[in-house]
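One letter stands for each residue in the lines below.
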Amino acid sequence: MRDCVRDCRGVSGMDDLILLTMAVLGFSLFFAAMAGAYVAREGADRGHRLQDSADALLAAVVDHPRWTASHGLLLAGALDRGSGAELASVAGPHPFRVVVWDLVTGRTWRFEAGPPGGDRRIAATSANVVGEQIDAARVTATVWGP
Amino acid sequence: MTEDGFEALADGTLLVTILLVASAVAGSLAHPAADDGRSTALRYAEDTRLALFRATIGGLGYSVGGQFVAVRNDTTVESFLRLEVHLLRGGSRDFDFGAANARIADTAARMVRPGWRFSVTGGVVGGADLFHLSADATAPANFAASGWTYPPLDGTGDGTRLSLAVWISPHR
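In order, the protein sequence lines correspond to chains S and V. Note that the first sequence covers residues 1 to 146 in this note's numbering. Note that the second sequence covers residues 1001 to 1172 in this note's numbering.
Source of the hints: derived by calculation from the structure; they are not laboratory data. All figures in this text were calculated on a predicted structure; none of them were measured in a lab. We put the beta carbon where it would ideally sit given N, CA and C, even for glycine. Be aware that a few hints might be false.
[As the list claims (entries may be wrong)] Label-pair ranges, simulated between beta-carbon atoms:
| # | chain 1 | residue 1 | chain 2 | residue 2 | range |
| --- | --- | --- | --- | --- | --- |
| 1 | V | Gly1066 | S | Gly131 | 33 to 41 Å |
| 2 | V | Leu1042 | S | Tyr38 | 28 to 36 Å |
| 3 | V | Ala1109 | S | Thr108 | 17 to 25 Å |
| 4 | V | Asp1154 | S | Ala44 | 24 to 32 Å |
| 5 | V | Gly1157 | S | Gly92 | 47 to 55 Å |
| 6 | V | Asp1136 | S | Ala40 | 35 to 43 Å |
| 7 | V | Gly1065 | S | Glu86 | 48 to 56 Å |
| 8 | S | Ser83 | V | Ala1128 | 46 to 54 Å |
With the hints as constraints, model all of the structure from the sequences given.
Below, the structure written as structure tokens:
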């Protein structure tokens, strides 16, 4: 130990190293938190946009002027002549599927566009199908997105 | 450690503390205030009530004094339930709506989305329920309801209220 010397430059170097380590640790934590928050936020926003698309699609179906007599009152004859192309502008670039299910007769009408894939959001509501009588029905709109 | 070293250590600790707080703030931004779904549930309850009440169920009727009284096949659920309230409002036990109520409840059960439950109630405005159609005894506290009031069928007395409540069942 008699040969040990105290090097001022070494001591100050160690001091700087402690500061540097704490700075690197702190900034790493901060930027990791920022990146994580951004990814989580983007995922949530994407989910909300998809859900908004599904809600808009559902609203377009139950209020479609060519298919309905009034809100939620779907005309069976008009549904027979309907097509998914009439709803494509509502869903935007997303693949979608709309199913109208007559709960009394069991008959279904499907309107769809694009191959399903990726994340999906579903909106559903109750409605009626007017044929020989006014049947209870369920309408489901599914939208897929990346 | 030199005096400068202690100063650097203090600066570093302060920096890390500030960055920890900033990280926590950044983390909290990842979770925006979520929609509690209340407005969606209320809209769903309204749509379901409208759809159920507009529906026509063939063969509805009631029994009185052992005789079955059928209503017209184009009678809506809404009209039938109004009739039920009208006939039961005086507290009469002569009328039996059990079979029709079961059919209406079955239609409602098929109408609501999987995982959701419902109840349909009706009575005189300001009075107790005269009927309660549901598979559950009571609705939980967080149900969404839609209702309507109607003038009495015979034009006298209090009006009729009909209501439908929906809620997400944790048991399904």
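Honestly, which of those hints from before does the structure not fit?
4
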